[in-house]
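As you go down the protein sequences, you meet chains A and B in turn. The opening residue of the first sequence carries number 1 in the numbering used here; numbering runs sequentially from there. The opening residue of the second sequence carries number 1 in the numbering used here; numbering runs sequentially from there.
Heads up, some of the hints might be wrong.
Said to hold, decoys possible - Below are the SDA-like pairs computed for lysine to any residue, each with C-alpha atoms no more than 25 Å apart in a straight line:
| hint | chain 1 | residue 1 | chain 2 | residue 2 |
| --- | --- | --- | --- | --- |
| 1 | B | 37 | A | 159 |
| 2 | B | 48 | A | 98 |
| 3 | A | 72 | B | 19 |
| 4 | A | 76 | B | 27 |
| 5 | A | 68 | B | 140 |
| 6 | A | 79 | B | 29 |
| 7 | A | 57 | B | 29 |
| 8 | A | 79 | B | 35 |
| 9 | A | 72 | B | 33 |
| 10 | B | 42 | A | 78 |
| 11 | B | 42 | A | 121 |
| 12 | B | 42 | A | 110 |
| 13 | A | 76 | B | 135 |
| 14 | A | 79 | B | 30 |
| 15 | B | 42 | A | 112 |
| 16 | A | 57 | B | 128 |
Derived from the structure by calculation, the hints contain no laboratory data.
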Amino acid sequence: MNTEPIIQLIDIKKGFGPQQVLKGINLSIYEGKTTVIVGESGKGKSLIIKHILGLIKPDSGKVFVFGKDLNKMSGKELKEIRSYFGVLFQNAALFDSMTVFDNVALPLRERTRASEGDIAGMVNEKLKLMDLEGSNEKFPAQLSGGMRKRVGLARALVLNPRIVFFDEPTTGLDVAKSNEIYRVFFRTQTKLGYTAVIVSHDVPKIFKLADYVALLHDGIIQDCLPPEDFQTSDNPFIREFVEKTMGLIYESEEVEG
Amino acid sequence: MILLKFLEKSGELGLYYINQAGRMVIFLLHVIISTFKLPYYKVSNITKQIYIIGSLSIFVIVFTGAFTGMVLGLQGYNTLKKFGSEGLLGSAVALSLIRELGPVLAALMVTGRAGSAICAEIGIMRNSEQIDALECMAIDPHKYIMAPKFIATIVSMPLLTAIFNVVGIFGGYLVGVKLLGASEGSYFTSMYKDVEFQDVYMGFVKSLCFGLLIVWICAAKGFYVHYERTGGFGAEGVSRVTTYAVVLTSVSILVFDYFITSLLL
Ligand SMILES: Nc1ncnc2c1ncn2[C@@H]1O[C@H](COP(=O)(O)OP(=O)(O)OP(=O)(O)O)[C@@H](O)[C@H]1O
Ligand SMILES: [Mg+2]
Chain A
1 MNTEPIIQLI DIKKGFGPQQ VLKGINLSIY EGKTTVIVGE SGKGKSLIIK HILGLIKPDS
61 GKVFVFGKDL NKMSGKELKE IRSYFGVLFQ NAALFDSMTV FDNVALPLRE RTRASEGDIA
121 GMVNEKLKLM DLEGSNEKFP AQLSGGMRKR VGLARALVLN PRIVFFDEPT TGLDVAKSNE
181 IYRVFFRTQT KLGYTAVIVS HDVPKIFKLA DYVALLHDGI IQDCLPPEDF QTSDNPFIRE
241 FVEKTMGLIY ESEEVEG
Chain B
1 MILLKFLEKS GELGLYYINQ AGRMVIFLLH VIISTFKLPY YKVSNITKQI YIIGSLSIFV
61 IVFTGAFTGM VLGLQGYNTL KKFGSEGLLG SAVALSLIRE LGPVLAALMV TGRAGSAICA
121 EIGIMRNSEQ IDALECMAID PHKYIMAPKF IATIVSMPLL TAIFNVVGIF GGYLVGVKLL
181 GASEGSYFTS MYKDVEFQDV YMGFVKSLCF GLLIVWICAA KGFYVHYERT GGFGAEGVSR
241 VTTYAVVLTS VSILVFDYFI TSLLL
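Isolated chain A (complex conformation):
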């Protein structure tokens, strides 16, 4: 394993007015691995991703991507680094005056010199992967919430990124669809070997996909561990989280049984 982290956050602090959201985030993300960030709603998981993307500047602390300080980069360097990214926003952030097809085709049209014919091939392939055939000409407002998520995923993956950021990729999908999405991740990741940073509430299931699980609690990453170790960690917050999210299943089984 390559021991140098590809992304490193060092003591990131960020507050909005009186509210201190991130209180010193330390997190390393390794090449080719899937890191899952879990934690309660509204505690700053999406905010961490926005810091790595360079969309928000921290009050203090540093973000290193490929060993370079994100906040000291020129616009050109930042652009180059972002060209390796594939991003799914929590709200999908589709371009709402473009059709589904144009949304997914946009990165190809603006960033590559591929011909329209090739673009159509690549876009349709990705849309098929996400089970979205037949919606090419629809507009985002005409899609269901889960479909929008999947269009966002197709758009994030269309340029074969080196690092992907998925903010709650399966929220709003039914169980079968979300399982299918996980299979797609698994397949594309083994094929392309990308690094993944995923925010998810889909807790026991996402552990199967994760190489590392990080718990955000109280503005701090409590620990970042492989899933097996995560489930047996002594950290009181992690224990509480594991019991709360996974314990329930066993409890209800006990009651039923």
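Add chain B with the ligands to chain A, keeping to what the hints say.
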């Protein structure tokens, strides 16, 4: 104590406006630089914007141009008649349109029709994270969204102004000559004689400057909607910033009109 509070507030406000102004200047420079930077342009992006900003404004421009010319014909004829110089009607109508009313009124109409649309569209893109999404795809929104709008507005404005002027001149002709009975020949000969290149040039410079003002203020206001002091969130934030952009653009057009005129005269 009250004085201190007052000083504090006005200082805060002052800083806010300086900040805003600085951001707008940086925004303009950024757009200008990225406009001339390679990678290639998609011609279709620009033609689409010219269609939206320019072509779709033609109807409004023709309509307002016609009535402006007609009222000029009406007023001009009755005023000039007092001095017995109805023969100068043509040059009076043409000069006021070409030098002053054409560029200003056309710009105000385009502000209302296209400027507000630019501001609202970009504001909504900002608020729904579409601009962040573009940036994360390594697509520069200054180049991808702004540059085509800038080019389209600056190309469209002189053309729309020209249409406004021509329609206005015929509107004046219709009322002055056909309705009120000024002499047909002198309407046009006085116009040929008195309108000089200098006048057309002034109108052209004005329309270019106003085009830049419209697209600059409206696009920048939408782009920075999240920095608005009064809270630029959601639909209300966008509507507020759009109103503000239209007012600010209209005022700037009139202010700049004065300064351009005094510079070029
Ligand atoms: N631009 C902003 N201005 C003010 N507060 C913000 C801003 N962005 C985020 N916050 C605050 O930061 C906190 C964390 O937000 P964030 O979106 O990161 O939560 P999250 O962990 O992703 O939650 P969820 O799981 O529900 O998506 C929230 O309390 C939110 O109110
Ligand atoms: Mg979130």
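Worksheet item: Which hints from the list above does the structure break, by number from lowest to highest?
Response: The structure breaks none of the hints.
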